[in-house]
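Asker: One letter stands for each residue in the lines below.
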Amino acid sequence: MNVPASWYLVLAAVLFGVGAFGLLTRRSALIMFMCLELMLNAVNLTFVTFSRTLSDISGQASVFFVMVVAAAEVTVGLGIVVAVFRRRSSTSVDELSELKG
Amino acid sequence: MAHVATLILLMPLVGFFAVVMNGAGLKERFVGVIATGAVAVSFVLSVVALVLLLHHSNREITVRLFDWIPVGTLHVPAALLVDPLSITMCLFVTGVSALIHLYSIGYMRGEKDFRKFFLYLNLFVFSMLLLVLANNLPLTFVGWEGVGACSYWLVSYYFTRDSAASAGKKAFLYNRVGDVGLLLAMFLIFGHAHTLTYLNVFHVAGTLSPTVATLTVLALLLGATGKSAQIPLFNWLPDAMEGPTPVSALIHAATMVTAGVYLLVRMSPVLTMSPDGRATIAIIGGATAFVAATIATAQKDIKKVLAFSTVSQIGYMVLAVGVGAYSAAIFLMVAHAFYKALLFLGAGSVIHSLNGEQDLRKMGGLQKYLPLTFPTFLVAWLSISGIPPFSGFFAKGDVLTKVFEHNKPLWVLGVLTAILTAYYMSRLFVLTFRGTERFREVTKGHDPHESPWVMTLPLVVLAVLSVLGGLLNLPWAHSSSLAGFLDPTFGFVPAVATSSTVALWGLALVDVVAAVLGLLAAFSIWRGVSESPRFESSFFEHVWHWDDFYDDVIGRPLTRAAQYSDDVIEPKVLDGAVTGVAVATRRSAEGLRKVQSGFVRQYALAMVLGVAVIIVYLVAKVH
Amino acid sequence: MVAATYAVPAILVFVTSALLILAGAVGVISVKNPVHAAICLIMTLFGVAVAFVAQSADFLAAVQIIVYAGAIVVLFLFVIMFLGVDRNMHVSVEPLVGQRAFAAAGVVITVAGLITLMATSHWVTGATSVTGKLVTGNGNVKQLGTAVFTTYLFAFEATAALLIIAVVGAVLLARRERATTEEEVNA
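Chains S, D and R are the protein sequences, given in the same order.
In terms of the numbering used here, the first sequence opens at residue 1 and continues consecutively.
In terms of the numbering used here, the second sequence opens at residue 1001 and continues consecutively.
In terms of the numbering used here, the third sequence opens at residue 2001 and continues consecutively.
Bound-form chain S, shown alone (with noise of 0.2 Å):
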């Protein structure tokens, strides 16, 4: 008897909101890109956990997609802070304020 899915659904969902403070918290790139991999394995947890409560695969299958994704993202997403730091040599979003009103 495996644990009840709604404990795997509150830690996601804990998980979840962890990324999301730090990723509003945090002024360098590369943390916030770190919290964002924090909230898509919080979705990836629920994903599966939906999964074992539906006893459907395809929940695993979407999750599988997720983690192809998020790699392409981060791959493309490090490229753009490598650039950006080669003007700036700060890795601060905070200085990328340049599209204001």
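Don't read these hints as lab results, they were simulated from the structure.
Hints may be right or wrong, so weigh each one.
As the list claims (entries may be wrong) - Heads up, incomplete: computed chain S residues facing chain D, CB under 7 Å, no partners named:
1. A20
2. L24
3. V93
4. S97
5. L99
6. K100
Unchecked claim - If you want the ones that stay clear, here's a sample from chain R, every Cβ over 10 Å from chain D, calculated:
7. F2046
8. G2070
9. L2075
10. N2138
11. A2147
12. T2151
13. A2158
14. L2162
15. V2167
Every value quoted in this text rests on a predicted model; they were computed, and no experiment measured them.
No residue lacks a Cβ here, since even glycine has one placed at the ideal position from N, Cα and C.
Fit chains D and R to the given chain S structure using the hints.
Answerer: Positioned in the frame of chain S, the structure of chains D and R alone reads:
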């Protein structure tokens, strides 16, 4: 009959277009002939129409031209009403107009804008005919406004002169105030009778409540005082003497100023329903007649004397309307048209001979230099003073008799006014034609010359009419008189005179005595002198300070209010509101702009807060 | 009470994974050194892998370790070292006014709301076993592979294309500008 009536109306308009279309190169002579000819043809057709009407059993012929305003329950056709009243008006309007057109050919010779003068004159006759021939109030109003506009144009004919330009504006503005009255009357009538055609209104006039009838009558009276220069809107007429003398003769003596009286007479069934309204009309008429007569005694300009005289005589007509003597009012109107036009044209002849001089102090002794103007002027003078057997005696006598029958105090006022009338007209006559010659410096030593035939022929014709005019309405031949012709229109059964023969002779005697008194007074005071401060009161000369009163009470405060509007309200309130909207938009935009801070983390925060709101909503919905 | 209803090993596994996940998450958002943050991230990922295994997603647990912890975090570390940003950063000062307060409020409300919803509503309403009954143990890889290559084939091909595009994009973005090509070649 339909064609005749339509042509009567349209001939002057044809004349107008003929002169307009032919361009500025048309010779003076042709312009004059075309214009005069058009009006003369109208006159001839009016006579034809009269004959046709007399032979018609039903003396109310409606000629429909087309449907003008069909809106909901309001149906206003463009239609003409040919009945004794309108034919009478047509006859003397076209007749006198034709004579004045002829006169103008000579008077305006050599003027720069000769063509323009005749254009306006023809347009005026068209508007006046429209006014009298219309069978409903709105069409009458069109003619009403038309004559007002032509009056403005013609008074400001010498518009390069400041006084002429402002006189034109004054005339138009006073008319406009009166027009409000006519419009209000139209609204009231439509509201209660649901029709604006005269014949239909007369059928339902009996159902009007006294309050409504009185209000309507007062509104009509306001319109009439504006157009016919009565108290309180009479100040424009003396100023309108700035226009050329033929204009004064036609518009401000014979035709336009009678339009107000015509309107009141036309609406007689409504007047019948309101004794209070009629009383007001009578008081206004009597008061105006008296006040204007006093003012005329102190004027020094020949045309101003005649202008105030016109105001006074129309006061008599309005007084007659007020006591219900509609036929008497029309009779006086016709007779007045003859002798007042004659007086003005004669004055024009005098002015013409003295190279434009109008001041009475610089005239005198012209009797032997103007062999045709003098006798015709004499006839007119005797007529207006009320000396028998000229037309004025019969016309004014008719009015005073009817006033005596209804309202003794006003009759006394009327007799006093008659004395004054005889006095100031005799003063005018003496100062102009008798006494010493004071004009030598104006004519530079030459003798004044008589006017050409185009000017003297109308004088002679009008003189004959002034003499014979009394025959139109002799008191003892009622059925074949003007009154007998007109009374059915007013719903009166032609009846014998209501006063006894003794009373009639007594009143006639009083009239003659009054006239002779005024004459003798004038001759004795004004023999040998040209100025007499004791008898030329400055209070009378300054129109009882009426103009100054209007200026202080209405003119100046309104100008100040307008100035205030321009200085304060316009920039601060109106402009402020408009620019205020723009400024408010800009400020709010500037405020909202700060939301775009450029910080990605703040945008992300906004997203998270939005998600929080949605979650809260879902939780609330589930529970 | 809990021990009577559920097996002890299951609870232990859950607690372990929960501790790993939360410790790592809190570490990521609070440590100053980016390298230390990456290490905490690895801890979280391991915790998630443990949770996957507990829920019969064996293949995914393996992929999690290999791809996420092995490739992605390593990539992070590469970039951190490459850029030389492994120095400490100032976390105490927050230049944007009210950011922390509002962020905390927003996050707390969202998570609390989610938990409330989960606790009070029976929201697992989907049909069970639409694609096929979940097979645990050895058959998991085969079942997942079948699903990916048949039902979700289009998505698979799309993600393959996406990977190629990502690689090309990364290469382009990270390229140094070749301003002095001509001189280098001639010299």
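Asker: Please list, smallest to largest, the hint numbers that this structure does not respect.
Answerer: The structure conflicts with no hint, since it agrees with every one listed earlier.
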